[in-house]
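Could you build all of it, start to finish, from the sequences and the hints given here?
Under my numbering, the sequence shown is numbered contiguously, ending at residue 885.
Be aware that one or more of the hints could be misleading.
[To be verified] Cβ pair distances, simulated, as ranges: (1) 822 - 46: 26 to 32 Å; (2) 139 - 15: 23 to 29 Å; (3) 544 - 474: 51 to 57 Å; (4) 114 - 362: 50 to 56 Å.
[Stated by the list, open to error] Only pairs whose alpha carbons sit at most 27 Å apart, straight line, appear in this in silico BS3-like list of lysine-lysine: (5) 330 - 736; (6) 544 - 328; (7) 668 - 882; (8) 882 - 544; (9) 135 - 392; (10) 752 - 736; (11) 392 - 105; (12) 736 - 544; (13) 752 - 668; (14) 668 - 544; (15) 811 - 736; (16) 752 - 882; (17) 489 - 668; (18) 105 - 135.
Simulated from the structure, these hints should not be mistaken for lab results.
Treat the numbers as computed from the prediction; the structure is a model and nothing was measured.
Glycine included, every Cβ here is placed at the ideal spot set by N, Cα and C.
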Amino acid sequence: MVGLTHEEVAARLEKHGPNELASAKLTPVYRLLFTALVHPFNLLLLLLGIVSYTVSGDKITFGFTFSMVILSSSLAFYQEFSSQRTFKAMRELVQVKARVTRQVNGVPQEMEIPVKDVVPGDIVPLKAGDVMPGDCFVLDSKNLYVSQSALTGEFLPVEKHTNTAYQGELPTKEFVDNSDSITLASSSMDKLGDDGKPNQQFFDNPALCFMSTSVISGSGHAVVVKTGQDTYINMISKSLQSQEMKGVNAFQKGIRKVAYLLLGFGAVMVPIVIVLNGVSTHDFVSAAYFGITVLVGLTPEMLPMILNTNLAYGAREMAKHKTIVRRLDAIQSIGSMDILCSDKTGTLTSDNVSVNSFLDIHDQANERVLEYAFFNSFYACGLKNVLDAAIENYGDYLLKTDLAEDPFELIDELPFDFVRRRMSVILQRSSNPGKLMLVCKGAVEETLAMCSHYVSFESEKEEDLALDIAQRVRAQAICNKLNESGLRVLAVAKRSINYDSDFSIQRDENNLTLVGFVTFMDPPKPDCRAAIEDFKNYHVGVKVLTGDNLAVAQNVCQQVGIDVTHVTSGDDLDKMTSEEFDAAAERCTLFAKLTPVQKCALVNALQRHGHTVGFLGDGINDALALAASDVGISVDTGTPLAKDAADLILLEKSLQVITKAIIRGRMTHANTIKYIKMAASSNFGNVFSMLIASAWLPFQPMTSNQILTQNFLYDFSQIAIPWDTVDKEFLAHPHEMTSAGIAKFMVFFGPLSSVFDVFTFMILWFHFGYRDPDTQAAYFQTGWFLEGMTTQALIVHMIRTQKIPFLQRWPSWPLGLGTVVVVAVGIGITYSDLGYDLGFVHMPSEYFGFMVSAIVGYYVLTQAMKILYMRWFKEWL
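Set out below in structure tokens:
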């Protein structure tokens, strides 16, 4: 096989492009910046600033809102850009190479090149451990077995070979460009069903090897048929991009609904304020400007900055616990997650198959069974799968000493194939050269069918007895029992044969003597049961979605504490109606033998039931489900496509790492919702008070600049919220942000502050007599500013916990310090030159006594209403 020339390579690289997946491209900087800017609250703030400036020329309001937008957008952009840069660095740690045969000065030469430089027509030599650099067609092979688990989830590798007509040396260019076989292979790769599932020829055709699959055993040569964006893997990637399955997650929907809610309240309240204020002051122009300021006051303008600071802090904390955040919103989503869909292998299990037991036909443990199985695995020279490795690892310490003293010699091998589903070795012992022994190991049904006798170990000497119907029934019952317990079972048999130069399966692999059975399991991870228990404690349901065998998966789930009362398989799902499918998705906890499309469909079905769904997977067959989920989770050792579809990348494939991420996500969600509920209810109370004051007073209760100053001081006191602690009771449950919940909280607690605002109005109006619009309005405005600013700053401590603040729960020191500083600065402003410019005056000392009583009353009433709220609505934040 001479390979391509330099000129042919250049022409094909120009035609087909580099061998890179579309998913490998990073999000452009301009898209990251645009996404950061078009946050719903950023748009709302910009709208308010522009309207304020257009109507009244108020540069202060415009500058303030514009600064908030720039600050929060910059923070979000920086964090997303940093996360993407970290992910890119991770991906570039390993520069993937491929070996190809090309012509150099007319001479074929094997060389190592970057995978991205592989082109259609390249000849690829194959050996154990190699990864397919593109979709390939096998030219020749010798015991070539390829693992397709990344694509199909199948446990065992499959044999690859081509028709003998195409084996041997072939002119590469003519073969690739003109061969009917290559055309057929290439066209079969393009066939997808109406449901998007790949044609089964994809995985059954022994001549086809797909990009990212790996050689487990054997050797051969293949020609690259498709590269880069023409490969099957890239079909999945295109599907991810075209369907845009990630869309808007639950948290983003919540933020949008809150924005719409506040706009709705503003649309109702502000016109009323304008009318009432205009009627009472007889100045509708000032009233309109005042109404715009009230609308600004109703908006939690620091939300984008608080939110992005929260997310950035959460991302840094999650990085400390071996989790890289690729999409910031995923931090909130994993906190809201109430169902985690996970694969089995490597997540629940250690991905390390081991021998579980070795049993004779009487269901008794017997090391002689293991010994024969070890002979078969140890001396085999063809495919050695994970089961062989498990047998060798287990039997190594028992048997190698004996073999060293009296070793066997391999005479021949009858290799494994997927029709017979067994393989045999023919051995000769050095101490008895005239006697040959065939040792067979394989699937129970196929191996048992070849047996006419069984070994009885009941006496000291092994005895071969006839395998009658009763014994066959006994043997099958043992295997059924083992299968039901979730163990993989292989049968082991033997036979003495005569020496021959030409051994055959038909003649020699029959009339065998059954030795017994070896069982295997992929043991659960030691920390898995504890992690599953943690999920239960945090009220996150776990559903296992696997391509593996149902019985095996069921057994593993039982061992780690996952309920398997309701289970199903991919075949059963295919027979269901859409309604039955959705019901099964909700009811079942284990789904086995699934295709990639079925995994994705199950995620979508759970989302239709109102769940926030996380998906943990690392294979190509997981990419669709990762993209469809609210939060996709992969691992740094996963396939590139899986990592590109994920929102979080785990540096350790462990459920306990996810538990830590859930806690951090819920803390981030809690501190975000604290600010939204506090700001919305407090601002709503202020606007409600504005309505009352506008109907009552012959002057504005506060000037626009005073309102903005109060809002700024309040917002400044909340900057430390991302560093606040969270009640353990809140962390125990997933929570979803809903506009209904925000509205309910806002209407319930907003008027509470208005009660004490009216109390303050009455003290200022009746007791101090501040009624004259020309000489006493400034005293009234200063008095309400001080009372409103102080209660607003303190309300955070009432809302941040469902316990009694300062008695049962203390805030974090940054939040406590922020409150003290803001209250001190707020009072100090009224005595400063800045306060004079803002229209403030010095209040009499007697007033502060009334203000303290109002604050204490507010504290007590809010705590009482908090208890009622939790009793009625069964929730707090």
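The hints, checked one at a time:
Checking the proposed 26 to 32 Å range against residue 822 and residue 46 shows it holds: the Cβ atoms sit about 30 Å from each other. At roughly 27 Å, the beta-carbon separation of residue 139 and residue 15 lies within the given 23 to 29 Å, and the hint holds. Separated by about 53 Å at the C-beta atoms, residue 544 and residue 474 satisfy the suggested range of 51 to 57 Å. Checked against the hint of 50 to 56 Å, the C-beta distance between residue 114 and residue 362 comes to roughly 53 Å, which is consistent with it.
Pair hint residue 330 plus residue 736 holds up; C-alpha atoms about 23 Å apart against a cutoff of 27 Å. Between the alpha carbons of residue 544 and residue 328 the distance comes to roughly 24 Å, so the proposed pair stays at or under 27 Å and holds. Distance check on the hinted pair: residue 668 and residue 882 sit about 26 Å apart at the alpha-carbon level, within 27 Å; holds. For the hint linking residue 882 to residue 544, the alpha-carbon distance of about 20 Å falls within 27 Å, and the restraint holds.
Between residue 135 and residue 392 the CA atoms are separated by roughly 14 Å; this keeps the pair inside 27 Å, and the hint holds. Among the hinted pairs, residue 752 with residue 736 is consistent with the structure: their alpha-carbon atoms are about 24 Å apart, no more than 27 Å. Annotation: proposed proximity of residue 392 to residue 105 holds, straight-line Cα distance about 25 Å (limit 27 Å). This hinted pair checks out: residue 736 and residue 544 have alpha carbons roughly 15 Å apart, not beyond 27 Å.
For the suggested pair residue 752 and residue 668, the alpha carbons sit about 31 Å apart, so the restraint of at most 27 Å is broken. Annotation: proposed proximity of residue 668 to residue 544 holds, straight-line Cα distance about 14 Å (limit 27 Å). Restraint check for residue 811 and residue 736: satisfied, since their Cα atoms lie roughly 11 Å apart, inside the 27 Å limit. Only pairs whose Cα atoms come within 27 Å are accepted, and residue 752 paired with residue 882 is accepted, the gap being roughly 13 Å.
Proposed proximity of residue 489 and residue 668 is contradicted: the alpha carbons are some 39 Å apart, above 27 Å. Distance check on the hinted pair: residue 105 and residue 135 sit about 14 Å apart at the alpha-carbon level, within 27 Å; holds.
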